[in-house]
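*Asks:* Chain by chain, the residues run as shown.
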Amino acid sequence: MHLKLHVWRQANAKTTGKIVSYDAPHVSPDMSFLEMLDVVNDGLVQKGEEPIAFDHDCREGICGACSMVINGIPHGPQRATTACQLHMRSFKDGDEVYIEPWRAVAFPIVKDLIVDRGALDRIVAAGGFISVNTGASPDGNAIPVSKNIAELAMDAAACIGCGACVAACPNASAMLFTAAKAAHLNLLPQGQPEREDRTLRMVAQMDAEGFGNCTNYAECQAACPKEIDIQFIAKLNRDLIRANLKQGNQGTGEVK
Amino acid sequence: MTLNSKVPEGPLEDKWENHKFNMKLVNPANKRKYTIIMVGSGLAGGSAAASLAELGYNVKCFCYQDSPRRAHSIAAQGGINAAKNYQNDGDSVMRLFYDTVKGGDYRSREANVYRLAQVSVNIIDQCVAQGVPFAREYGGVLANRSFGGAQVSRTFYARGQTGQQLLIGAYQALERQIGLGKVQMYTRSEMLDLVVVDGKARGIVTRDMVTGKIESHAADAVVLGTGGYGNVFYLSTNAKGCNVTAIWRAHKRGALFANPCFTQIHPTCIPVAGDHQSKLTLMSESLRNDGRIWVPKKAGDSRAPGDIPEGDRDYYLERKYPSFGNLSPRDISSRAAKEVCDEGRGVGPGGLGVYLDFADAIKRLGESTIRERYGNLFEMYERITGENPYKMPMRIYPAVHYTMGGLWVDYNLMSNLEGLHVIGEANFSDHGANRLGASALMQGLADGYFVLPYTISNYIAETKPQTISTDHPAFKQVEQEVADRTSKLLAVNGTRTVDSFHKELGKIMWDYCGMARNDAGLRKALELIPPLREEFWRDVKVTGVNADLNQELEKAGRVADFLEFAELMCHDALMRTESCGGHFRTESQTDEGEALRDDENYTYVAAWEYTGVGNQPIMHKEELEFEYVHLAQRSYK
Ligand SMILES: Cc1cc2nc3c(=O)[nH]c(=O)nc-3n(C[C@H](O)[C@H](O)[C@H](O)COP(=O)(O)OP(=O)(O)OC[C@H]3O[C@@H](n4cnc5c(N)ncnc54)[C@H](O)[C@@H]3O)c2cc1C
Ligand code: FES
Chain A
3 MHLKLHVWRQ ANAKTTGKIV SYDAPHVSPD MSFLEMLDVV NDGLVQKGEE
53 PIAFDHDCRE GICGACSMVI NGIPHGPQRA TTACQLHMRS FKDGDEVYIE
103 PWRAVAFPIV KDLIVDRGAL DRIVAAGGFI SVNTGASPDG NAIPVSKNIA
153 ELAMDAAACI GCGACVAACP NASAMLFTAA KAAHLNLLPQ GQPEREDRTL
203 RMVAQMDAEG FGNCTNYAEC QAACPKEIDI QFIAKLNRDL IRANLKQGNQ
253 GTGEVK
Chain B
20 MTLNSKVPEG PLEDKWENHK FNMKLVNPAN KRKYTIIMVG SGLAGGSAAA
70 SLAELGYNVK CFCYQDSPRR AHSIAAQGGI NAAKNYQNDG DSVMRLFYDT
120 VKGGDYRSRE ANVYRLAQVS VNIIDQCVAQ GVPFAREYGG VLANRSFGGA
170 QVSRTFYARG QTGQQLLIGA YQALERQIGL GKVQMYTRSE MLDLVVVDGK
220 ARGIVTRDMV TGKIESHAAD AVVLGTGGYG NVFYLSTNAK GCNVTAIWRA
270 HKRGALFANP CFTQIHPTCI PVAGDHQSKL TLMSESLRND GRIWVPKKAG
320 DSRAPGDIPE GDRDYYLERK YPSFGNLSPR DISSRAAKEV CDEGRGVGPG
370 GLGVYLDFAD AIKRLGESTI RERYGNLFEM YERITGENPY KMPMRIYPAV
420 HYTMGGLWVD YNLMSNLEGL HVIGEANFSD HGANRLGASA LMQGLADGYF
470 VLPYTISNYI AETKPQTIST DHPAFKQVEQ EVADRTSKLL AVNGTRTVDS
520 FHKELGKIMW DYCGMARNDA GLRKALELIP PLREEFWRDV KVTGVNADLN
570 QELEKAGRVA DFLEFAELMC HDALMRTESC GGHFRTESQT DEGEALRDDE
620 NYTYVAAWEY TGVGNQPIMH KEELEFEYVH LAQRSYK
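Protein sequence lines, in the order shown, are assigned to chains A and B. Residues in the first sequence are numbered consecutively from 3, following the numbering used here. Residues in the second sequence are numbered consecutively from 20, following the numbering used here.
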């Protein structure tokens, strides 16, 4: 099939970008979306033009590197599928395809479709961990964890940190990401000692990074390639109220 | 050069304990005076960087991705081994040790493997404490499964994403240290060279992948945890960015490269769909627990799988290896698939595929049970191929998956270059000629959490290194060399894309240094590689400039290194005329077509010394001594 691509091109963080159109002839339905871009890029390089820059690595839907908005939807039209796992059989001959980077104040564009998602790492650095040094741990079976809790924690931990939730949110909020990261640890018995502190710190960092507020659009859940449930946002809100009460906090660290 | 493995004296069981006791310690107050460079943030690098920072060292950690959490370890699906014996099924440190040495076809160092099995139990404890959500039984205890041909259930797992969950554990510990200011994290930074002063590794030179800036970093010790080099084949299950660059440049600065030809080909991957193929996707080995592998008996049988009656099918693994059947080890299963395809009995486009059929299992257990067990994997398969594996058999084919070879290290995980330590897949140490399933994650975390933090402290305590400043002429010189090389790549301005060279190299390696190797083929590869490399430097087209994010330039640097490294791999494969593990020399097989080792002549590690691009490298031998394991012909019949 033959597609027409409209791609966001931007040389670096300092310049302004624009949409540039390209032909993608000879697209096979067996190609992944990124392989289709590889072929287009190959053509650009042959002509001496700079190829379209995009983040990618595993191409298996797990590293969370790939990040592009395809026809208005983060990671494109297929449910629960990252851009690297999206295949061209989801498109048909003659389709026009718009490809843009994640758009959020907290994700500055680095080049073309590549953005800086360092803010997500900083939310984790602020409190998204259990403070246990190497070697200071009891036997693995010393802490029983009920299967239901373990499964629920695993549902939250399935987050691949791609940032599609932020890109999908009309407010560019990082609530689903933060909620998933916090819930993974807050649910487990090992995570209890730091539960309040963790919640407050992660939320404070999220606010400091300039992500927007959560106003329950739920677009994040629809875009999440790992189908992380927005129930975790409700849980984060509960944990936050609890933390504020316990720590006698007024006003700080509230979810706006 | 004599290679001293520095394996401690004493009985196998006591070596590590005694060694830990005999090692020198660094005073806690002094640790903050030392800086350690950690290149890589995967299971090995991430766990090491966090642990070293917890001890009090200053750590500078580097990765090429935009976040340390995206290291390729994230992609591991199946699980991690540990000799916990929670299942009471007869597992023990000794048994895990024995299985690993046997699985590696007796080409690994006993003392290292024993230590690996010993610390495996601590890894699970550590990960649980960090909050890794391992699978649990209803009673709340940890669940296990058997994996990759093991006869005990010692594999811990977290759904189909064990690698991601373990890596997130290490990443969280790392981020905690970043938050505390003990680790300085450099993302989108590629190590392009090692700086050696007076025979000691003293730092690295990196390229900032956003600005193009070439930078020097000095330290008291350098650690490489940069993963495997399977992408020398172009197509593999590795992430696109996996490379040999860091360890190859260290090799060119004097570090010996051990057993480079030992590569693992994984039997269950989705076959190539066309020329556009950019990587191969692994289908978890666990599928072999219920799927039956077969091809048509007749070559060229083009009927749809459902139309081929039982009598016309060859369940070749069940036929050849009745006791292990579809669960035979990776190297054996992979070779058997290649064999039937070479006979013209392969299925799917190009005839490079075999069926993995769930029809019997669905009949026996019902579709819902199969969905419960493998739902995610079936979905992934359908997403990629457009075929529904509940209705028709999957098609699978072997693909390059893991590299057992790597930089040579001693028992302390230090290379022959003083101060240069190598951990995880990047070193050669524990898997011999073939790695068992679920053992790479174990090794990466063993190295990073429980071995390196001790041994590197000993190194620092013994040598009391004095930090050299990056103003030292050695740094300036290496920086210049790196800058020149980058300019040279951009200046060629030829006609062929970087990828086209990479694909051509990959094909040479797959054809002549892949699943089956022989003298004539390897010599042919050694004839083909140098002109390809020469053409690359004459005709490659690298667009853009250095002072910018430039993915073509990044790829070009890596492919340039693969083009040099590939020759070393072929030299190693050519030298080793025996078959062992993943290295199959067609000249050396049993009457039944199985790999035939030559213990008398090849019970050694081949550690190669660099002598210049295109020159014959020099081999140094580390003889392997087996005191505890009896060398036997592997048999899985
Ligand atoms: C699809 C797949 C499934 C697997 N499943 C399993 C399994 O179930 N069980 C198991 O035990 N093993 C499995 N393995 C193997 C295992 O995942 C790897 O061997 C292991 O994770 C490697 O860890 P590592 O830390 O050594 O390297 P990696 O995780 O590859 O990390 C390498 C790090 O080095 C950095 N780096 C590399 N080069 C440079 C450079 N030049 N400059 C700067 N930084 C650099 C990278 O950014 C990265 O941070 C699997 C492998 C694959 C491909
Ligand atoms: S490239 Fe890793 S998730 Fe898409």
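The hints are simulated quantities; they were obtained by calculation from the structure and are not laboratory data. Take these hints with a grain of salt, some might be off.
[Said to hold, decoys possible] Below 16 Å or equal to it, Euclidean Cα-Cα: the simulated EDC-like pairs (lysine to aspartate or glutamate) are:
| hint | chain 1 | residue 1 | chain 2 | residue 2 |
| --- | --- | --- | --- | --- |
| 1 | B | Lys-526 | B | Glu-586 |
| 2 | B | Lys-574 | A | Glu-62 |
| 3 | A | Lys-228 | A | Glu-62 |
| 4 | A | Lys-16 | B | Asp-108 |
| 5 | A | Lys-49 | B | Asp-567 |
| 6 | B | Lys-560 | A | Glu-153 |
| 7 | B | Lys-522 | B | Glu-554 |
| 8 | B | Lys-522 | A | Glu-51 |
| 9 | A | Lys-49 | B | Glu-554 |
| 10 | B | Lys-339 | B | Glu-613 |
| 11 | A | Lys-149 | B | Glu-156 |
| 12 | B | Lys-560 | A | Glu-62 |
| 13 | B | Lys-560 | A | Glu-51 |
*Asks:* All hints are to be evaluated individually against the structure, with a verdict given for each.
*Replies:* Results of checking the hints against the structure:
no., hint, verdict
1, B/Lys-526 - B/Glu-586, "holds, 14 Å"
2, B/Lys-574 - A/Glu-62, "violated, 20 Å"
3, A/Lys-228 - A/Glu-62, "holds, 13 Å"
4, A/Lys-16 - B/Asp-108, "violated, 62 Å"
5, A/Lys-49 - B/Asp-567, "violated, 20 Å"
6, B/Lys-560 - A/Glu-153, "violated, 50 Å"
7, B/Lys-522 - B/Glu-554, "holds, 14 Å"
8, B/Lys-522 - A/Glu-51, "violated, 21 Å"
9, A/Lys-49 - B/Glu-554, "violated, 19 Å"
10, B/Lys-339 - B/Glu-613, "holds, 11 Å"
11, A/Lys-149 - B/Glu-156, "holds, 6 Å"
12, B/Lys-560 - A/Glu-62, "violated, 28 Å"
13, B/Lys-560 - A/Glu-51, "holds, 11 Å"
In the structure shown, a violation is registered for the earlier hints numbered 2, 4, 5, 6, 8, 9, 12, in ascending order.
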